[in-house]
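Colleague: I would like the entire structure built from these sequences, with the hints used as guidance.
These protein sequence lines map, in sequence, to chains G and Z.
Number 22 in this note's numbering belongs to position 22 of the first sequence; there are no gaps in the numbering.
Number 4 in this note's numbering belongs to position 4 of the second sequence; there are no gaps in the numbering.
Since the hints were derived computationally from the structure, they do not count as laboratory data.
Quick list of the computed label-pair ranges, beta carbon to beta carbon:
#	chain 1	residue 1	chain 2	residue 2	range
1	G	Q86	Z	T91	23 to 31 angstroms
2	G	S29	Z	A84	35 to 43 angstroms
3	G	S40	Z	K108	43 to 51 angstroms
4	G	E82	Z	E113	42 to 50 angstroms
5	Z	D49	G	R18	26 to 34 angstroms
6	G	S153	Z	D49	24 to 32 angstroms
7	Z	K108	G	E82	42 to 50 angstroms
8	G	P38	Z	R102	53 to 61 angstroms
Glycine residues also receive a C-beta, built at the ideal position from the N, C-alpha and C atoms.
The residues making up each chain are set out below.
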Amino acid sequence: MAIDGYHFLDGASRRVMRAWEEREPTPDSVPWTPLSKPLSQVGVALVSSAGIALRSQPPFDQGGERVNPWWGDPSHRVIPREAATQDIRIHHLHIDPRPGESDLDSVLPLRRLDELVDAGVVGRSAPRHYSMMGYILDPTELLRDTAPTLAASMIQDEVDLALLVPV
Amino acid sequence: MGLVARVLEAAGIATAVLSFIPELTASVGTPRVLGIGYPGSVPFGAPGDADGQRAVLRKSLESAVEMDAPGSRVDLPFVWPGEARVPKPPTPPPIARAIMKRPWLYLKLLRGELP
Numbered sequence: 001m002a003i004d005g006y007h008f009l010d011g012a013s014r015r016v017m018r019a020w021e022e023r024e025p026t027p028d029s030v031p032w033t034p035l036s037k038p039l040s041q042v043g044v045a046l047v048s049s050a051g052i053a054l055r056s057q058p059p060f061d062q063g064g065e066r067v068n069p070w071w072g073d074p075s076h077r078v079i080p081r082e083a084a085t086q087d088i089r090i091h092h093l094h095i096d097p098r099p100g101e102s103d104l105d106s107v108l109p110l111r112r113l114d115e116l117v118d119a120g121v122v123g124r125s126a127p128r129h130y131s132m133m134g135y136i137l138d139p140t141e142l143l144r145d146t147a148p149t150l151a152a153s154m155i156q157d158e159v160d161l162a163l164l165v166p167v
Numbered sequence: 001m002g003l004v005a006r007v008l009e010a011a012g013i014a015t016a017v018l019s020f021i022p023e024l025t026a027s028v029g030t031p032r033v034l035g036i037g038y039p040g041s042v043p044f045g046a047p048g049d050a051d052g053q054r055a056v057l058r059k060s061l062e063s064a065v066e067m068d069a070p071g072s073r074v075d076l077p078f079v080w081p082g083e084a085r086v087p088k089p090p091t092p093p094p095i096a097r098a099i100m101k102r103p104w105l106y107l108k109l110l111r112g113e114l115p
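Modeller: Listed below in C-alpha cells is the structure:
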C-alpha cells in the first residue's frame with residue numbers, strides 16, 4: 001500500500017512541498033547504522049517536531065515567526081520519559097495543537113512506549129526524548145547545533161534506535 | 001527530519017522517520033522511511049485511541065528493526081478514516097498571511113529562496 005500524504009495538505013502547501021521534493025539533490029550516499037539486536041533489546045528515543053515544551057520550559061518562539069514568517073525556532077526541548085499530557089504545551093503555528101495537548105500520545109507516545117517495554121516487546125525507553133518545532137525553512141542551525149546535541153545525549157543514554165516523527 | 005536522521009545515523013544511532021509525506025522525507029536520503037496515512041497533527045492517531053496509537057508505534061519499531069538497506073521505505077498499513085475530521089491549525093500560519101498580502105512571495109517559497 002503506497003501512502004500519498006500530500007492529500008492532507010492544502011493546494012498551495014502541496015505545490016511548495018512537491019517543488020522542494022523535486023529540487024532536493026539526491027545525496028551520493030545514505031548514512032547507515034545497522035540494528036543488530038531484536039526489538040526486545042533495543043533502547044528507543046522519540047523525536048517529535050510538534051513543538052512540544054514542558055510548561056516549565058521556555059516555549060518555542062512563535063513571536064519571532066510572527067515578525068518574520070520565513071523564520072522558525074530551530075531549538076529543541078528535552079522531554080523526560082515521565083512527561084504527561086498535563087505537563088506540556090504545543091507551540092507550532094502549522095499544526096492543530098489541540099489533539100496533542102489533549103493526549104500527548106497522539107504526537108509523542110511516551111505512555112504507549114512504556115507499555116511496549118512493560119510487555120517485553122521493546123527493550124528500553126530512553127530517559128530523555130526530544131521535541132523540535134518543524135517549521136524550519138533554513139535548516140542550517142538545526143543541523144549544526146540541534147542534531148549533534150541530540151546525537152551526543154542519545155549516545156550517553158545508550159539509545160539504539162531513534163524514531164523521528166515530523167508533523 | 002530526514003536531514004536530522006542522517007546526522008544521528010552518521011553518529012552511530014539507527015533511525016527511522018515516521019512521515020505523513022514519505023516521498024518528501026525519502027527525497028533527502030533518509031536512512032529508514034516509514035509512511036503513515038495520518039494527518040500531520042496526529043501521527044500516532046486520534047487522542048484517546050490508546051490501542052491505535054500503540055499499534056502504530058509497535059509497527060513502526062518492528063519495521064525499523066527489519067529494514068536492512070540504507071534508504072529503505074515501508075508504508076505502514078494505517079489509513080485515516082475518510083469520515084474523520086482532519087485536524088488543521090486554528091488560524092492560518094504567518095507565512096500564509098504574508099503571502100496573501102504579497103502573493104509574489106509564493107514564487108520565492110516555491111523556488112526555496114528565502115528573503
